[in-house]
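If you read the sequences in order, they're chains V and X.
Count along the first sequence from 1, add 6, and you get the number used in this note's numbering.
Count along the second sequence from 1, add 6, and you get the number used in this note's numbering.
You may find that some hints are simply not true.
As the list makes no split between identical chains, a pair holds if one copy fits it or if it spans any two.
Said to hold, decoys possible - Keeping only pairs whose Cα atoms sit at most 35 Å apart, straight-line, the calculated DSBU-like set for lysine-lysine is:
#1 K254 to K273
#2 K106 to K372
#3 K218 to K301
#4 K372 to K115
#5 K372 to K275
#6 K254 to K106
#7 K254 to K115
#8 K269 to K229
#9 K269 to K322
#10 K150 to K275
#11 K372 to K147
#12 K115 to K218
#13 K322 to K275
#14 K234 to K106
#15 K218 to K106
#16 K147 to K269
#17 K372 to K273
#18 K218 to K275
#19 K322 to K229
#20 K322 to K301
#21 K218 to K269
#22 K229 to K372
Just so you know, these hints were derived from the structure itself, not from any lab.
Here the structure is a predicted model, which is why all the values come from computation and not from measurement.
There are 2 protein chains.
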Amino acid sequence: MRAEVISVGTELLLGQTVDTNSAYIGTFLAELGVDHTHQQTVGDNFGRLVSALELALSRADIVITIGGLGPTQDDLTRDGIAAVLNDQLIRDEAIVEHLKNEYGRRGLKLVESQYRQADRPAGGQPIPNLNGTAPGLICTKESKYVIALPGPPREFIPMLEGQVREFILSLNPGPQLFSRTLRVAGIGEGTLCEILADLMEGTETTLSPYAKTGEVHLRASTKAASQKEADIRIDIVEQEVRSRIGDKLYAVGNESLEEWIVKELTKRKETVATAESCTGGLLAARITSVSGASKVIGSSFVTYSAEAKQELVGVKPESIAQFGTVSSEVAEELAIGARLQARATYGIGITGVAGSEPLDEPPAPKPSGLVYIGISTPAQTQVHTLHYRGSRELIRERAVVAALIELRNVLLATN
Amino acid sequence: MRAEVISVGTELLLGQTVDTNSAYIGTFLAELGVDHTHQQTVGDNFGRLVSALELALSRADIVITIGGLGPTQDDLTRDGIAAVLNDQLIRDEAIVEHLKNEYGRRGLKLVESQYRQADRPAGGQPIPNLNGTAPGLICTKESKYVIALPGPPREFIPMLEGQVREFILSLNPGPQLFSRTLRVAGIGEGTLCEILADLMEGTETTLSPYAKTGEVHLRASTKAASQKEADIRIDIVEQEVRSRIGDKLYAVGNESLEEWIVKELTKRKETVATAESCTGGLLAARITSVSGASKVIGSSFVTYSAEAKQELVGVKPESIAQFGTVSSEVAEELAIGARLQARATYGIGITGVAGSEPLDEPPAPKPSGLVYIGISTPAQTQVHTLHYRGSRELIRERAVVAALIELRNVLLATN
Chain V
7 MRAEVISVGT ELLLGQTVDT NSAYIGTFLA ELGVDHTHQQ TVGDNFGRLV
57 SALELALSRA DIVITIGGLG PTQDDLTRDG IAAVLNDQLI RDEAIVEHLK
107 NEYGRRGLKL VESQYRQADR PAGGQPIPNL NGTAPGLICT KESKYVIALP
157 GPPREFIPML EGQVREFILS LNPGPQLFSR TLRVAGIGEG TLCEILADLM
207 EGTETTLSPY AKTGEVHLRA STKAASQKEA DIRIDIVEQE VRSRIGDKLY
257 AVGNESLEEW IVKELTKRKE TVATAESCTG GLLAARITSV SGASKVIGSS
307 FVTYSAEAKQ ELVGVKPESI AQFGTVSSEV AEELAIGARL QARATYGIGI
357 TGVAGSEPLD EPPAPKPSGL VYIGISTPAQ TQVHTLHYRG SRELIRERAV
407 VAALIELRNV LLATN
Chain X
7 MRAEVISVGT ELLLGQTVDT NSAYIGTFLA ELGVDHTHQQ TVGDNFGRLV
57 SALELALSRA DIVITIGGLG PTQDDLTRDG IAAVLNDQLI RDEAIVEHLK
107 NEYGRRGLKL VESQYRQADR PAGGQPIPNL NGTAPGLICT KESKYVIALP
157 GPPREFIPML EGQVREFILS LNPGPQLFSR TLRVAGIGEG TLCEILADLM
207 EGTETTLSPY AKTGEVHLRA STKAASQKEA DIRIDIVEQE VRSRIGDKLY
257 AVGNESLEEW IVKELTKRKE TVATAESCTG GLLAARITSV SGASKVIGSS
307 FVTYSAEAKQ ELVGVKPESI AQFGTVSSEV AEELAIGARL QARATYGIGI
357 TGVAGSEPLD EPPAPKPSGL VYIGISTPAQ TQVHTLHYRG SRELIRERAV
407 VAALIELRNV LLATN
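Build out the structure end to end from the sequences listed, making use of the hints.
Here it is, written out as structure tokens:
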């Protein structure tokens with residue numbers, strides 16, 4: 007069974023919108039075991055849309071359009087599909103009711119032009135839109151199907167994952183693809199690929215690396231008749247990966263590094279505090295992005311200036327004078343100071359040069375991308391020296407991920 | 007003159023990569039005045055690539071492929087283009103030299119399979135790749151052109167902006183599109199569209215809104231023979247927008263809200279400090295993301311727990327007991343405390359409920375999405391009460407943008 011996707015919208019061709027729906031539906035189709043060999047994008051143009059639909063129907067069993075279902079004159083997908091199906095558009099009274107309710111809820115009155123969202127090919131089935139106005143459509147053409155979905159992701163995704171998934175599964179598309187994400191931190195993509203080279207050449211279960219900022223996600227996938235069968239196969243690969251890289255594989259599935267840390271600290275009834283210079287609050291923001299973080303983080307400090315380092319967390323003026331604000335000694339004192347001032351179990355101090363220019367301070371200039379991360383525990387304080395290249399934003403992000411990884415290492419070592 | 011883009015890569019169809027290149031090239035073509043009516047995506051499959059090229063050449067003057075130029079057997083774009091052009095691939099010795107240098111620089115030896123990156127259709131011109139190995143290609147087919155570019159954005163964008171831009175301009179594609187972004191904060195997209203409705207219907211100069219988190223960007227565009235002509239037309243629209251919304255139009259071009267603030271505070275030799283609860287450092291991180299922020303921010307505080315609010319910035323225990331941690335009173339004291347503790351000109355305090363659950367605290371539960379933002383100046387302290395809907399991440403982001411907008415308002419009012 008083969009599907010083809012047609013994205014509709016002049017804004018896509020003009021580059022005003024990045025098309026994230028196509029990637030989403032690509033993964034979706036792969037998981038359902040549906041082949042997917044072509045995609046097309048056309049603007050809001052009736053003739054071109056009809057040609058695109060005809061071409062897609064000539065080579066695929068299921069054609070899925072995304073976009074062009076709104077209320078304006080530019081929204082031509084309904085008309086295009088009716089033309090290709092040799093069907094006529096009728097006004098669906100149930101959809102009219104939905105539109106009235108939806109506009110009413112927002113305090114708006116339905117105007118004449120907006121009624122066109124209630125039109126559908128006479129033979130088509132509407133897909134209710136729980137997050138917007140225009141419904142989707144499922145239409146049949148001989149033994150083939152045309153499915154129309156709206157463009158806004160918050161309307162598109164729920165319809166796809168709900169009624170469309172159910173509909174495609176009812177067609178028995180073939181063995182589904184099951185996947186599991188293995189999250190790896192503290193090891194570069196290049197080294198990881200070398201260590202796992204043979205597993206990455208696997209054919210029954212594939213293993214593909216995706217580099218993220220400061221970490222790598224490995225996606226293990228297999229086609230199988232059931233989740234159980236897939237789990238057995240993927241378990242084998244996961245075990246093999248674990249045996250080679252140990253706890254560098256820090257989580258399976260959607261759990262992020264900061265979620266792991268908040269969960270672990272909560273379990274241990276321990277807390278953390280940060281004193282950040284070049285990252286300016288980004289590390290604390292990352293930890294507090296996890297729901298329930300209030301159990302593990304109380305106070306933290308943005309110590310951007312030399313004075314702030316001294317006043318807020320007690321970095322010694324002599325250390326700054328002797329080694330500079332970007333130094334191993336200051337990172338150590340930031341970490342210790344954050345821990346003591348906040349009365350936390352762990353303290354993290356970050357100082358570095360995130361700008362593109364070296365920092366000219368006594369006793370010696372510090373190169374751009376130099377970052378020191380201090381991690382203080384009740385037993386000891388370590389400092390890690392890192393050298394990054396890239397933009398200010400990238401250096402800051404990498405430093406934050408590195409700090410999370412080092413905190414995790416400390417937690418693993420004291421488990 | 008019309009162009010068509012073909013994205014090549016099975017990873018795009020499987021959804022493993024979001025195709026950002028297509029949007030980039032869409033804007034690029036619009037700016038150059040080249041029509042762009044179709045895009046296609048095909049996998050790493052010779053036959054399908056050839057069909058896609060033939061279809062594109064049947065309806066466009068310039069066909070641009072993206073991807074499929076790498077060293078592996080899957081990379082078939084060179085072969086596909088040669089087939090469509092009825093040309094043969096020859097090995098380009100200058101490219102071989104480039105490859106040897108490039109691999110050598112990375113400490114790698116060029117192996118046999120990688121030499122295929124040096125192959126090109128005999129009639130094609132290579133585009134040097136300054137950021138990778140495989141060059142791009144510009145080929146001619148009768149009066150039409152096929153341009154091949156690599157997929158990685160850091161290789162793709164420089165080639166596009168360099169030699170490809172020059173080449174297309176040499177073909178005199180027609181009047182170019184010139185654009186200017188007007189950045190608006192402190193006014194919702196709906197209201198803005200009402201106020202500017204007639205301008206948005208303009209045909210010579212178009213004005214389109216793009217909603218961002220907490221702000222709206224208006225893109226004013228016009229087709230013109232020169233930058234000067236375009237500037238004159240866009241100036242008129244900009245002036246009209248300014249006359250209607252005043253300083254809600256906070257910047258033109260790429261300057262962000264935080265850049266405006268850092269620039270303004272630097273000019274005034276003033277400083278700011280934050281005490282953040284629900285945003286957990288995100289506001290300080292946003293301000294310190296601007297290069298040169300060290301002139302305007304020294305210390306800031308993450309006061310996530312009730313204790314931290316008292317200890318770090320002196321919020322009164324009575325205020326917390328009487329009104330709760332999420333209250334106007336506590337936001338006010340956070341703002342004042344941040345200002346005084348950091349000896350800054352301005353203090354910003356944020357407290358709110360970013361989680362999806364209401365916060366059950368005395369004297370009364372606080373609903374999810376309730377955020378108080380306090381702004382303290384040497385003369386007075388104001389508190390703004392906001393109600394948001396959405397995810398934890400969205401609530402935090404919106405609160406940060408709202409705080410930046412309120413700080414800007416204060417700076418404008420005291421100018």
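Copy assignment of K322 with K229, given that the CA separation must stay at most 35 Å: Classified as neither; 60 Å inside a copy, 61 Å across copies.
Up to 35 Å between alpha-carbons, please classify K218 paired with K301: within, between, both or neither. both (28 Å within a copy, 32 Å between copies)
When Cα atoms must be at most 35 Å apart, do K372 and K273 count as within-copy, between-copy, both, or neither? between (40 Å within a copy, 27 Å between copies)
As a check of your reading, is K254 near K106 (CA-CA no more than 35 Å) within one copy, between copies, both or neither? For K254 and K106, the Cα distance is within 35 Å only across copies (34 Å; inside one copy 54 Å).
At most 35 Å between alpha carbons: which applies to K269 and K229, within, between, both or neither? The answer is within: 32 Å in one copy meets 35 Å, while 55 Å across copies does not.
Checking K254 and K273: alpha-carbon separation at most 35 Å within a copy, between copies, both or neither? Classified as within; 20 Å inside a copy, 47 Å across copies.
35 Å Cα cut-off: does K372 pair with K275 within a copy, between copies, both or neither? between (38 Å within a copy, 26 Å between copies)
Status of K372 relative to K229 across identical chains (alpha carbons, at most 35 Å): neither (52 Å within a copy, 48 Å between copies)
Taking 35 Å as the upper bound on the Cα-Cα distance, should K218 and K269 be classified as within, between, both, or neither? both (22 Å within a copy, 32 Å between copies)
How would you classify K115 and K218 at a CA-CA limit of 35 Å: within, between, both, or neither? Between. Shortest inter-copy distance 26 Å satisfies the 35 Å Cα cut-off; intra-copy 46 Å does not.
Given identical chains, is K147 near K269, meaning Cα to Cα at most 35 Å, within a copy, between copies, both, or neither? neither (52 Å within a copy, 61 Å between copies)
Please work out whether the CA atoms of K254 and K115 approach to 35 Å or closer within one copy, between two copies, in both situations, or in neither? between (57 Å within a copy, 29 Å between copies)
In this structure, the earlier hints numbered 10, 11, 14, 16, 19 and 22 are contradicted, and the remaining ones agree with it.
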